[in-house]
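A.B. asks: Following the hints, position chains X and L with the ligands against chain W.
Chains W, X and L, in that order, give the protein sequences. Mapping the first sequence onto this note's numbering, position 40 (from 1) lands on 94, and the numbers just tick up by one. Mapping the second sequence onto this note's numbering, position 306 (from 1) lands on 305, and the numbers just tick up by one. Mapping the third sequence onto this note's numbering, position 77 (from 1) lands on 81, and the numbers just tick up by one.
Hints were generated in silico from the structure; no laboratory data involved. For every residue, glycine included, the Cβ atom is placed at its ideal position computed from N, Cα and C. Each hint should be verified, as a subset may be incorrect.
Heads up, incomplete: computed chain L residues facing chain W, CB under 10 angstroms, no partners named [said to hold, decoys possible]:
hint	residue
1	Phe105
2	Pro118
3	Gly244
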Amino acid sequence: MKKQLFWWGERALLVFVAVVALFPILWMFLTAFKQPLDAYRVSIFFTPTFNNFKAVFDEPWYLGRMVMNSVIVASVTVMISVPCASLAAYAFSRFRMRGRKFLFFLVLSTQFIPAVVIVLPFFLMFRQLGLLDTRLALIIVNLAIVTPFVIWMIKGFIDAIPVEAEEAAMVDGASRLRVIRDIVLPMAAPGILTSSIFCFILTWNEFLFALIITRREAVTLPVGLVNFRTERGDLWELMSAAGVMITVPIFIMAIIIQKHFTRGMTAGAVK
Amino acid sequence: MAEVRLENVVKRYGGFTALPKLDLHVNEGEFLVLLGPSGCGKTTTMRLIAGLEEITEGDLLIGGERVNDKEPKDRDIAMVFQNYGLYPHMSVADNIGYPLKLRGLGKSERMAQVRKVAEKVELGELLDRRPSELSGGQRQRVALARAIVRRPQLFLMDEPLSNLDAKLRVTMRAELKHMHHEMGITTVYVTHDQMEAMTLASRIVVMNKGRIVQLDTPERIYSEPADLFVADFIGSPSMNLIHGQIAGGTFTAEGISLPVSAPDRAKVVLGIRPEDLQISDASTAPIKAPIFALELTGESTLVTLRAGATQLCARGAADFRAKMDDTCGLAPRPGGRIHLFDPESGLRLPS
Amino acid sequence: MRDRGLPFVLMAPAFLIVLATTLYPLSYSLITSFREWRLTRQRRPGDFVGIDNYTGAFTNHEFLSSLWVTTVFVTISVVATVVLAMALALLLRRTGRLHTFVRIILILPFAMSPALIGVSFRFMFNPEFGVLAQGLGAIFPFLKGVAWLADPRFAMGILIVTDVWHWVPYMTFMCLGGLTAVPRETEEAARIDGASGFRILWEIILPQMRGVLVVVAILKTIFALKMFDQVVTLTGGGPGASTETLAYFVFKVGFHWFDMGQASAMAWILTAIMMVISIWYVRLLMSERKLVTA
Ligand SMILES: Nc1ncnc2c1ncn2[C@@H]1O[C@H](COP(=O)(O)OP(=O)(O)O)[C@@H](O)[C@H]1O
Ligand SMILES: [Mg+2]
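Looking at chain W on its own, in the form it has when it is part of the complex:
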């Protein structure tokens, strides 16, 4: 009796958690398919339409350009940051050289710097160089945020790989670089992929830098949302459609890494 009650209680709680986690997302997805009139009423039953998606890609919103910007900025950031971070993470994980702890602490401590501190000088610098409102500027500042984090994360994954396989390869006749290519990279691949996706998500969702540094040309999706606040009021159905465009690619990626995610998180934090 008591056991059954417990069983149902647990189930009910789980369902409640699922509803809380999903509801805001579902509501946004629903709204994205609503006519403006339905969006301004709390309605669950309505005739769906794709007009909102058409509208956001048209004049005057041009969401397509923002999608481009977001894709380019996030991909290039990942492509620069992850390879560099992987090499550094390997060095931190495997070598016991002098100053290792200090250097690692230095890397980690950059995570404690609020973004507003570094955005001011970047803004001034880019203004001087004429780089304001460019993707290049965004990539540079995003590297600042993600690189230390990715080093930390990949190091956690590499730490979890036993070192004996590498030593065996060295004795078998492999040079250090060969060991990295043949042994470490294949074994660390899931971790590196997870970190890459994580890095992509961070960059994709980045708001503060993009808000300050971009105006028209290089605007990314999260900042683009603010555009839907017009004199006519907030255009919720369009915002929701844009929101769907922001979240769908990220959600797919997130689900892909979900399994490795827990491990990566804790591997870095607690050993």
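C.D. replies: Okay, now just chains X and L with the ligands, sitting in the frame of chain W:
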């Protein structure tokens, strides 16, 4: 094939000295076993030879050439790790073939050699599996195959059998011995299992706290232990060690009075192996004490007596029967060896 | 392992990035924080003014108010996140189809852009046609007609809710990771010894989770101190200045008022607060002997 020399080798980890000063000469083609308790520096010695750790001081010579600064890959050695160190993302065939691949062999030739070696260690059926799909014994054989697929100058094996069950350990031991006989490659083998050491070694190095205590053939390590540590460490059950004194050709301790041919000494440790003691008539025996424990091992009975503070163990016949706390007599077996040690230095006294 | 120079070669690219993208701007803003520099009046940085910008910050009402807003926000949001994350981790620890499903979807709130979260909660709490405003009004009559985001207390509450909704999943994953390190045997031993479920949680599980919980709390504190995105898209700092966090206020001084010197000084005060907390955090971790950060 090559000889290996460690000359005045010191290894420090930061402030901790793992090897204070090591001198070791491994002869060409021999099977040298490093034996000692856990933490005595066996693995460290092995890793220094492999080049996985840097030598703090001293010289390492392989085949007469100083290799201190050579990368592991340039030392032409093969190593079997305690946890095998297999490549988890490669198939068994790729694992075994990797050293050949590194040496630039083509795929077909590689596969031919891999297949040959795999047959030898009975892995022929399993070439497409991943290491995670193998049992401990099979993994062990993959590691072995990977080591022998090329003919290195030197084999290094770090407790390769320690993760196997007792039965498999005995089989693999014989295989290793046979393989060494066949290939004749100089081998350095680490173990903390004296049985393994005794059966495999041409010579045994007994280590303790980073130092070599004795380097000798298995027979002599057993019959003439250099000090109390070796005496105690080698043999199962271990040698009886009795503190007492010698006066007028007789060793005395509580419950014991044993004739020995040695000069008088106020303090001495007498050692005698359980195999060298036999059960004899309690009224005339030189050792008399109550029985503390009786253990039947199958081929014999281990009789433990309690003489004062010391316990004495003897190997008796399998059909020996007695009651606990009965007084029992022991006497040295004719031809059995008696060892004497200096209790201060622990060193063996000449007899 | 050997090879002396190699680790530094491997680290060089990443370090170049980190140095160029954080240390350089960091020192630049530190210098700026001691200068007079209003972009509305001067193109180039002006004179050094000593610590004027710092004293200016602490005599600025709005700054002090944002300090208070940040304190309230951080405290409530951290406590709520840690408690909920731990509870959720305990709930999700077991394996089952529903458990796995919830674990998978939990990653969605975390993956959602915080700016978008702000927008969508703003929509849902719109008093006229927001689904949550209507729904809550229908269920709890006393909440009917509340002007949610126009009411300072509710605005702060909703801001916290968005933040907790966003971060609890991530922190739950961390707690779940920590729970896997708690050996089942200790729990089973306690159960056999006759401990109740609550005592097992309190005396067996939580003490072993202390290290993880400390990490979770501190990470959350750091993230909460940086709170910016939802302030822009949810409340715009309002009503009044009731949800103006430090990060948002610094942004306002810098990019609405264009007072670079003042903004830099305030940004550094925020940095100092974070550093103090981080050091405290490292200390706390060091005292947890089992835990190794690096
Ligand atoms: N990387 C290391 N850093 C510090 N001390 C070590 C390291 N490797 C081994 N040691 C120490 O050196 C001693 C010898 O270790 P080892 O050679 O592994 O012993 P074993 O004989 O069991 O193989 C031990 O006390 C061990 O703690
Ligand atoms: Mg060892």
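A.B. asks: Confirm or reject each hint.
C.D. replies: Evaluated hints:
no.: 1; hint: Phe105; result: holds (7 angstroms)
no.: 2; hint: Pro118; result: holds (7 angstroms)
no.: 3; hint: Gly244; result: violated (19 angstroms)
In the structure shown, a violation is registered for the earlier hint numbered 3 alone.
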